[in-house]
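Protein chains: 2
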Amino acid sequence: MSAPHPVIEYWFDFGSNYSYLSTLRIEQAAQLAGVSVRWRPFLLGPVFRELGWSTSPFVLQKEKGEYTWQDMARQCRKYGLPWRRPSRFPRPAVLPTLVALAGSGTHWVGGFCRLMMHLNFAEDRDIDSAGTVAEVLTAMDLPVASLLEDAQSADNRARLREQTVLARARGIFGAPTFFVGKEMFWGNDRLDDALAACREPASFSP
Amino acid sequence: MSAPHPVIEYWFDFGSNYSYLSTLRIEQAAQLAGVSVRWRPFLLGPVFRELGWSTSPFVLQKEKGEYTWQDMARQCRKYGLPWRRPSRFPRPAVLPTLVALAGSGTHWVGGFCRLMMHLNFAEDRDIDSAGTVAEVLTAMDLPVASLLEDAQSADNRARLREQTVLARARGIFGAPTFFVGKEMFWGNDRLDDALAACREPASFSP
Numbered sequence: 001m002s003a004p005h006p007v008i009e010y011w012f013d014f015g016s017n018y019s020y021l022s023t024l025r026i027e028q029a030a031q032l033a034g035v036s037v038r039w040r041p042f043l044l045g046p047v048f049r050e051l052g053w054s055t056s057p058f059v060l061q062k063e064k065g066e067y068t069w070q071d072m073a074r075q076c077r078k079y080g081l082p083w084r085r086p087s088r089f090p091r092p093a094v095l096p097t098l099v100a101l102a103g104s105g106t107h108w109v110g111g112f113c114r115l116m117m118h119l120n121f122a123e124d125r126d127i128d129s130a131g132t133v134a135e136v137l138t139a140m141d142l143p144v145a146s147l148l149e150d151a152q153s154a155d156n157r158a159r160l161r162e163q164t165v166l167a168r169a170r171g172i173f174g175a176p177t178f179f180v181g182k183e184m185f186w187g188n189d190r191l192d193d194a195l196a197a198c199r200e201p202a203s204f205s206p
Numbered sequence: 001m002s003a004p005h006p007v008i009e010y011w012f013d014f015g016s017n018y019s020y021l022s023t024l025r026i027e028q029a030a031q032l033a034g035v036s037v038r039w040r041p042f043l044l045g046p047v048f049r050e051l052g053w054s055t056s057p058f059v060l061q062k063e064k065g066e067y068t069w070q071d072m073a074r075q076c077r078k079y080g081l082p083w084r085r086p087s088r089f090p091r092p093a094v095l096p097t098l099v100a101l102a103g104s105g106t107h108w109v110g111g112f113c114r115l116m117m118h119l120n121f122a123e124d125r126d127i128d129s130a131g132t133v134a135e136v137l138t139a140m141d142l143p144v145a146s147l148l149e150d151a152q153s154a155d156n157r158a159r160l161r162e163q164t165v166l167a168r169a170r171g172i173f174g175a176p177t178f179f180v181g182k183e184m185f186w187g188n189d190r191l192d193d194a195l196a197a198c199r200e201p202a203s204f205s206p
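Chains as they are written, first to last, in the UniProt record's numbering: chain A, 1 to 206; chain B, 1 to 206.
These are computed hints drawn from the structure, not numbers from a lab.
Among the clues, some could well be false.
For identical chains, the list gives no copy identity; a pair is met inside one copy or between any two copies.
Below, in silico cross-link-like pairs of lysine to aspartate or glutamate (EDC-like), each with a Cα-Cα straight-line distance of 16 Å or less [stated by the list, open to error]: (1) K182 x D193; (2) K62 x D141; (3) K182 x D71; (4) K78 x D192; (5) K62 x E50; (6) K64 x E27; (7) K182 x E9; (8) K78 x D189; (9) K64 x E50; (10) K182 x E66; (11) K78 x E200.
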């Protein structure tokens with residue numbers, strides 16, 4: 001009766017604070033809902049620039065930005081997640097994004113993304129260096145050298161640029177963004193709705 | 001032990017689509033939580049202009065605007081509320097705002113606000129006319145002439161202008177916005193969190 005393989009597409013950026021919340025939540029929530037996650041790391045910066053914004057709206061709009069940090073502290077308390085306001089925001093994360101993209105179909109992608117997010121939003125560490133990424137991959141007992149090489153290959157870099165094009169084509173204007181079939185859900189606040197939509201047969205019509 | 005009189009301050013605008021959701025939800029949700037609602041109708045337009053925006057971000061940002069209408073349809077389905085996308089957005093509503101402001105401490109304010117919101121977001125009707133407001137007040141069996149007179153008095157108009165000043169001073173940048181003590185919560189998605197905060201004694205410290 002129900003769709004055999006419900007899938008949620010998860011578009012996120014390592015510098016995005018609300019992506020921190022959903023990256024830490026999504027795998028467990030999806031598992032409970034019987035849904036699999038398709039990890040879609042991308043860079044929000046180029047998307048913002050194409051929309052005419054020089055950086056995050058939380059930086060451009062002072063009032064909204066100040067509120068966001070209060071909201072984050074409360075949301076992290078609600079979800080039981082550690083939180084430390086990053087001293088640099090939004091943090092660049094090209095290399096972690098390339099690694100997550102190269103590993104997006106693997107068993108380790110979720111764990112890798114959670115650890116990188118933890119460094120940014122719970123430990124206030126810069127994350128866009130080979131040293132930091134290698135530290136995380138080593139802790140996960142993964143082959144550091146070959147993964148860093150694959151991640152930085154011309155092919156994978158081209159794939160990351162394509163992610164920006166795809167994001168724009170699909171109407172993405174922020175992160176996190178979830179897709180269930182063609183239906184778009186924006187923001188960590190919509191994760192539960194998106195997972196619920198995975199179970200509605202209508203969502204899987206072409 | 002707990003605070004004797006938990007109160008949620010509810011700042012909303014009759015033209016704001018997400019205010020439609022919380023206006024229809026708040027009184028019942030607050031009652032279940034043992035919280036009373038302090039109605040704070042205001043005009044978002046002047047606040048947006050002071051922030052440098054000529055109109056709603058949903059109009060200024062095409063991608064976000066298009067998403068918003070999909071999201072509204074889904075949210076209304078989730079909450080069991082009727083929905084029809086307004087042909088005019090954001091709809092002017094100075095007179096309903098004046099009436100709600102004049103009646104903000106009365107027993108009928110919640111019912112009045114729900115009916116006005118219903119006209120805008122479920123019946124796609126213009127709401128900023130004495131005829132329409134009178135229709136609603138009549139349906140509620142309220143003294144139309146005296147309420148319209150009070151609402152449009154110089155005192156009440158001055159009070160509405162003060163609402164804009166207060167909104168800016170408190171850091172409001174959108175609607176709906178809830179306050180629990182000094183803590184601000186933005187968006188219909190935070191209504192439940194704000195009501196939960198009403199029950200935390202810490203929220204009531206000066």
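Against the structure, the hints come out as follows:
no.	hint	result
1	K182 x D193	within (14 Å within a copy, 30 Å between copies)
2	K62 x D141	neither (42 Å within a copy, 45 Å between copies)
3	K182 x D71	between (29 Å within a copy, 13 Å between copies)
4	K78 x D192	both (15 Å within a copy, 12 Å between copies)
5	K62 x E50	between (21 Å within a copy, 12 Å between copies)
6	K64 x E27	neither (29 Å within a copy, 26 Å between copies)
7	K182 x E9	within (10 Å within a copy, 38 Å between copies)
8	K78 x D189	both (12 Å within a copy, 14 Å between copies)
9	K64 x E50	between (21 Å within a copy, 14 Å between copies)
10	K182 x E66	between (33 Å within a copy, 14 Å between copies)
11	K78 x E200	between (28 Å within a copy, 13 Å between copies)
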